[in-house]
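Peer 1: The residues making up each chain are set out below.
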Amino acid sequence: MDINSPDFIARSKSALNDANLQTALQNLKAGFPSKRRKAMERMPEFDAMRDQAVVIKDKVIENLDFYLETFENKVHASGGHVHWAQTSDEACQTIVDICRSVNAKTVTKGKSMVTEEINLNEFLEKHNITPIETDLGEYILQLRGDHPSHIIAPAIHLNLPQVSDIFAEKHNLPRKEDPAELMQEARDIMRDHFIAADVGITGANFFVAETGSTMIVTNEGNGDLTQTLPKVHIVVTSIEKCVPTLEDLSLFMRLLSRSATGQESAVYNTLSSGPRQTGDQDGPEQFHVVLVDNGRSDMVGDEQQDMLRCIRCSACMNHCPVYSQIGGHAYGWVYPGPMGSVLTPKMIGIDQAGHLPNASTFCGKCEAVCPVRIPLPKLMRTWRERQFEQNLGSAANRWGIRFWSAMVKRPKLYHAMTRFTMPLMKLWAGKKNRLHSLPIGRGWTLWRDLPAPEGKTFMQQWQAQTKQPKQHTDKEMQP
Amino acid sequence: MSQARQQILARIRSGLKRGPLSPHQQTTLQQQLESPKRTLQPARAKVTGQATIDDFKAMALESAAELIQLDSLDQLPAQLAALMQQANISQQPLVLADESNLRSLNWASAGINTELRVAQNGDAISLTNSLCGVAETGTLVLHSSPNSPTSLNFLPDIHCLVLQQTNIVAGYEDAWDKVRDGAKSGAIPRTVNFITGPSRSADLEQTLRMGAHGPKRLVVFLL
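Top to bottom, those sequences are chains A and B. Position one of the first sequence corresponds to residue 1 (the working numbering), numbered consecutively onward. Position one of the second sequence corresponds to residue 1001 (the working numbering), numbered consecutively onward.
Please note: incorrect hints may appear among the correct ones.
Here are the computed lysine-lysine pairs in the DSSO-like style, where the Cα-Cα straight-line distance is at most 30 Å [what the hints assert, rightly or not]:
(1) Lys105/A with Lys231/A
(2) Lys38/A with Lys1017/B
(3) Lys1216/B with Lys29/A
(4) Lys346/A with Lys1017/B
(5) Lys59/A with Lys1216/B
(6) Lys1057/B with Lys35/A
(7) Lys29/A with Lys176/A
Honestly, the hints are just simulated from the structure, not real lab data.
Please construct the entire structure, taking both the sequences and the accompanying hints into account.
Peer 2: Shown next, in the form of structure tokens:
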């Protein structure tokens, strides 16, 4: 996927003016957050489970080398192969090599954000291998030459008529409007692909060190057909998705579905270990796991380490006031929303992704709903600091920060300044007590007026208040 | 790519400001993997007795699975014949897992043509056993074996399965224990499926709709 994050501001403006997108985003606002809340209410232990999840994930990262090597040994023992890839290119090349070794012409793909991250489809096509996305949302996007705008609901930016149009055009069938008929059409067409594919590629929501297994969590069943019918199953996943044992996995299964879609459980939680076993009549003859790093190992021991706990549930973006206004494409790369604003700068560079950690009101909702309690606002702030240290961002912004920092470090000057400007603002505002324009606040006043300050500054009021009660108390204390 | 492996591990260790774990630390972690401890389980995953069965039924129904209670397995052919007639697929074969309890039933008397094989494109209906049911979410647990190909759980339009009530457990951890017990010889099965209801998708306008790529109906025969 091309990197468009530097154009974040222009992209978010056009997103706000995109009527189709705004209609589609209404579905998000009405859907996931309330479903998640209902699931929480039915699980009184949820918060305690989140604490437990933090402990487990932190332990995994603290011993990640051990767990990865153990996982590798277990996969080997079950007859599978593990491939390590430092970069997207290494990962893609590994996958193409496996495909070529079995003369693969077509591969079916289950939904996987890591394969989006490494740009796998483009790489496969360049090598004359046809990738077919089998998840309904991903399939619609592939037909449109589009990319996911959400990590679990990839086509969330589309409305039904857009799906009707693209199906009619690409399938050469009468246009259908009924969602059930559209789904049946996709199902019928996909059947032949499932059967014909030489290789099936899936992601993994988790992998388990104890057993050398990978797990996918899905609703449609496409991932299962993708990994059961072809001769070769390739799992593409990233190094931090490890959990130690099946017991730990149980905890994460409970957290993931509820945090993501608000379901008590996704329909299919499937554990895969190695290739088909002696006597098995179906299942792949080869099992490969590609462990992608892509900058993650640099996050170990780093200020961003907490981000490695992420289980990609999407709760942060589902609850984000910024995401829900502009959708995922505005962010300009694979991972949108708060989790993307932390992860993307790591993967494509803060010079490219500088707008993303700034595209947050720091309302804290993302952290409040995160099942693994990632301090997302804090991590975004860390990126803002790095951005400043590296002399990135606009000059106006940087001078603004310098000025602000100089002021807040000198409380007396700061208080004098506020005492001085407040009456000026009130005067400027006139009788209506509202400011229609500000010299450095045009972004605000273009859309709304700023209420003028009334009376005294906070500090003046605070000082007055802290004095008064004390006098009261003194009087009351007198006999 | 072993160079990639070395470099990834080296970066992780350098981030953690240490070399490889000592043999003692590795042994400790290894022992924890070999005798896994349960983490915090919600109360719902620890119910006992009749509550296990009641919870399973309620949650399975909520997931849109269909439940049919049987007094004995002998009733199954007649029940399935009725179901197939209703679905207008009486002429289609019932693709059967090669399990002795299923194979030995009198299918011919119910007018059902069975085939013991993997699933194929176009199959209307399959029948398998299940390892266990899980009460906390109404989940069915199945695994691959020479007798029970995984494709039976996904390709046909209707997936029927037999579940012994005595095999309903409270939580996921109990189900994993059963998977491990069945794999005493060593490796766990290639595929373990936790299935909760029939296939669905929310990709069209964020509304969950049934009948995506997997079975459109999940029918559980409870014994």
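Peer 1: Take the C-alpha atoms of Lys38/A and Lys1017/B, compute the straight-line distance between them, and say whether it is at most 30 Å.
Peer 2: Judged against 30 Å, a Cα distance of about 43 Å means the pair is violated.
Peer 1: Assess, step by step, whether the Cα of Lys1057/B is no farther than 30 Å from the Cα of Lys35/A, and give holds or violated.
Peer 2: Holds, at roughly 22 Å.
Peer 1: For the pair supplied as a hint, Lys29/A and Lys176/A, confirm whether the alpha-carbon distance does not exceed 30 Å.
Peer 2: holds (27 Å)
Peer 1: Would the hint linking Lys1216/B and Lys29/A be met if the CA-CA limit is 30 Å?
Peer 2: holds (28 Å)
Peer 1: Could you grab the alpha-carbon distance between Lys59/A and Lys1216/B and see if it respects the 30 Å cut-off?
Peer 2: Violated. Lys59/A to Lys1216/B sits at ~41 Å, over the 30 Å cutoff.
Peer 1: Checking one constraint from the list: CA of Lys105/A to CA of Lys231/A, max 30 Å. Satisfied?
Peer 2: Answer holds: Lys105/A to Lys231/A is near 12 Å, not above 30 Å.
Peer 1: Holds or violated: are the alpha carbons of Lys346/A and Lys1017/B at most 30 Å from each other?
Peer 2: holds (20 Å)
Violated hints for the displayed structure, listed by number in ascending order: 2 and 5.
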